[in-house]
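Chemist: Chain residues, written in single-letter form:
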Amino acid sequence: GENVEQHPSTLSVQEGDSAVIKCTYSDSASNYFPWYKQELGKGPQLIIDIRSNVGEKKDQRIAVTLNKTAKHFSLHITETQPEDSAVYFCAARGGEGTYKYIFGTGTRLKVLA
Amino acid sequence: EAGVTQFPSHSVIEKGQTVTLRCDPISGHDNLYWYRRVMGKEIKFLLHFVKESKQDESGMPNNRFLAERTGGTYSTLKVQPAELEDSGVYFCASSQVAYSNTGELFFGEGSRLTVL
Chain P
1 GENVEQHPST LSVQEGDSAV IKCTYSDSAS NYFPWYKQEL GKGPQLIIDI
51 RSNVGEKKDQ RIAVTLNKTA KHFSLHITET QPEDSAVYFC AARGGEGTYK
101 YIFGTGTRLK VLA
Chain A
1 EAGVTQFPSH SVIEKGQTVT LRCDPISGHD NLYWYRRVMG KEIKFLLHFV
51 KESKQDESGM PNNRFLAERT GGTYSTLKVQ PAELEDSGVY FCASSQVAYS
101 NTGELFFGEG SRLTVL
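Quick note, the sequences are listed as chains P and A, same order.
In case it helps, my numbering puts the first sequence at residues 1 to 113.
In case it helps, my numbering puts the second sequence at residues 1 to 116.
There's no promise every hint is true.
Some chain A residues well away from chain P (every beta-carbon gap over 10 Å; in silico) [to be verified]:
1. 4
2. 14
3. 24
4. 31
5. 48
6. 53
7. 55
8. 63
9. 68
10. 70
11. 72
12. 78
13. 91
14. 105
A few chain A residues facing chain P, derived, Cβ under 8 Å [unchecked claim]:
15. 40
16. 42
17. 54
18. 56
19. 60
20. 61
21. 65
22. 104
23. 109
24. 110
If you're looking for bench data, these hints aren't it; they were derived computationally from the structure.
Heads up, the beta-carbon is just placed ideally off N, CA and C, and yes, glycines get one too.
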């Protein structure tokens, strides 16, 4: 079946360093890839997304890249800050008419001050 | 504007008991989803409502789980009888558009279910 693999499961970085989280999806029809951030005690919240017709998207300190051929997409956080500490989930959604999001297993990011 | 609200935030029950989780989506969102996360694993799709109709319930684990959305507003998810493997965090999410790439999911804070 469809699945999304996410790595690493945990990631610790020093404040100011960069963090990269990688995902691989199996359904070649997937065309929308959101990233969610879940802070302690809260529900996941969308932080950035990318469509399949775009290779890269940036929003301030966060960026997402997509390689459709390899079915890989990645989240990049630069100049990390303590408030970036959270669990991050990648997801993939199929083509037109598909409403089901397949999520990765999550990455717990710790930014050390 | 109120976000997606879920109740209860945490429920501890014994194996064999019944639990009902409730979700109130964002007002005006026709699409409502239930997801579940077992510790350390992915956020797994359970089912999707469009208004009061079940669009896809392929992720429901078995017939011990029953979801309803009477009137197309709030939804309930009942587990009866609960088993140990049902423990996890149950998330509800809603969205305004299902079939376009801008159908952002808005999640509730989740209901943590612990079955002893």
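Chemist: Work down the list of hints and note, for each, if the structure agrees.
Modeler: Here is how each hint holds up against the structure:
no.: 1; hint: 4; result: violated, 7 Å
no.: 2; hint: 14; result: holds, 25 Å
no.: 3; hint: 24; result: holds, 13 Å
no.: 4; hint: 31; result: violated, 7 Å
no.: 5; hint: 48; result: violated, 6 Å
no.: 6; hint: 53; result: holds, 13 Å
no.: 7; hint: 55; result: violated, 7 Å
no.: 8; hint: 63; result: holds, 20 Å
no.: 9; hint: 68; result: holds, 19 Å
no.: 10; hint: 70; result: holds, 21 Å
no.: 11; hint: 72; result: holds, 16 Å
no.: 12; hint: 78; result: holds, 21 Å
no.: 13; hint: 91; result: violated, 6 Å
no.: 14; hint: 105; result: violated, 7 Å
no.: 15; hint: 40; result: holds, 7 Å
no.: 16; hint: 42; result: holds, 5 Å
no.: 17; hint: 54; result: violated, 12 Å
no.: 18; hint: 56; result: holds, 6 Å
no.: 19; hint: 60; result: violated, 13 Å
no.: 20; hint: 61; result: violated, 15 Å
no.: 21; hint: 65; result: violated, 17 Å
no.: 22; hint: 104; result: holds, 5 Å
no.: 23; hint: 109; result: holds, 5 Å
no.: 24; hint: 110; result: holds, 6 Å
In this structure, the earlier hints numbered 1, 4, 5, 7, 13, 14, 17, 19, 20 and 21 are contradicted, and the remaining ones agree with it.
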